[in-house]
Amino acid sequence: MASCDLAVASEQSWFATPGVKIGLFCTTPMVPLMRAIPPKVAMEMLMTGEPLAAQRAYELGLINRVVPLSQLEDATRELATKIASASRDTVAIGKSAFYQQASYSEADAYSFAVEVMTDNSMRPDAKEGISAFLEKRDPVWKP
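In our numbering, the protein residues as written are 163 to 305.
None of these hints come from the bench; they were simulated from the model. Please note that a few of the clues may not be correct.
Pairwise CB distance ranges (calculated) [as the list claims (entries may be wrong)]:
1. Q217 <-> E277: 35 to 43 Å
2. S293 <-> R197: 33 to 41 Å
3. M209 <-> A254: 16 to 24 Å
4. L222 <-> F260: 43 to 51 Å
5. K183 <-> M284: 19 to 27 Å
Taking lysine-lysine pairs in the PhoX-like style, the calculated list, with each CA pair at most 20 Å apart, reads [as the list claims (entries may be wrong)]:
6. K257 <-> K304
7. K183 <-> K202
8. K244 <-> K304
Every residue, glycine too, gets a C-beta built ideally from N, C-alpha and C.
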């Protein structure tokens, strides 16, 4: 879950790094986990192998939504549909920029973001989106 861009879980879900219980420290899950939740919580999970309930995982930002099990597929599909309705080009630009700037200083991240925004604003889908907004119609994204 920690390496997913977005995650929806049922109320019954639990998240754990139980390797320590069998003599294996979960070093590879450790990498995204400590970047996704507070380090002390990640360390406790890694050192004890104890699981986090879905609601706690949500509160920590490990997952985006918690829904009843009966609504899990619909909630996941709804989120995916919202993303898929956006410009594929724009989503790809944004996702790449999001992760790339994460390791930059704040000043460098802003400089980078301005460059990306400038490039993004010159692309066909940005022009189409602005035109559609002004014309009060749905945008037609390039395939």
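Quick rundown of the hints versus the structure:
no., hint, in the structure
1, Q217 <-> E277: 35 to 43 Å, "holds (39 Å)"
2, S293 <-> R197: 33 to 41 Å, "holds (38 Å)"
3, M209 <-> A254: 16 to 24 Å, "violated (38 Å)"
4, L222 <-> F260: 43 to 51 Å, "violated (19 Å)"
5, K183 <-> M284: 19 to 27 Å, "violated (53 Å)"
6, K257 <-> K304, "holds (18 Å)"
7, K183 <-> K202, "holds (19 Å)"
8, K244 <-> K304, "holds (17 Å)"
In summary, the numbered hints that this structure violates are 3, 4, 5.
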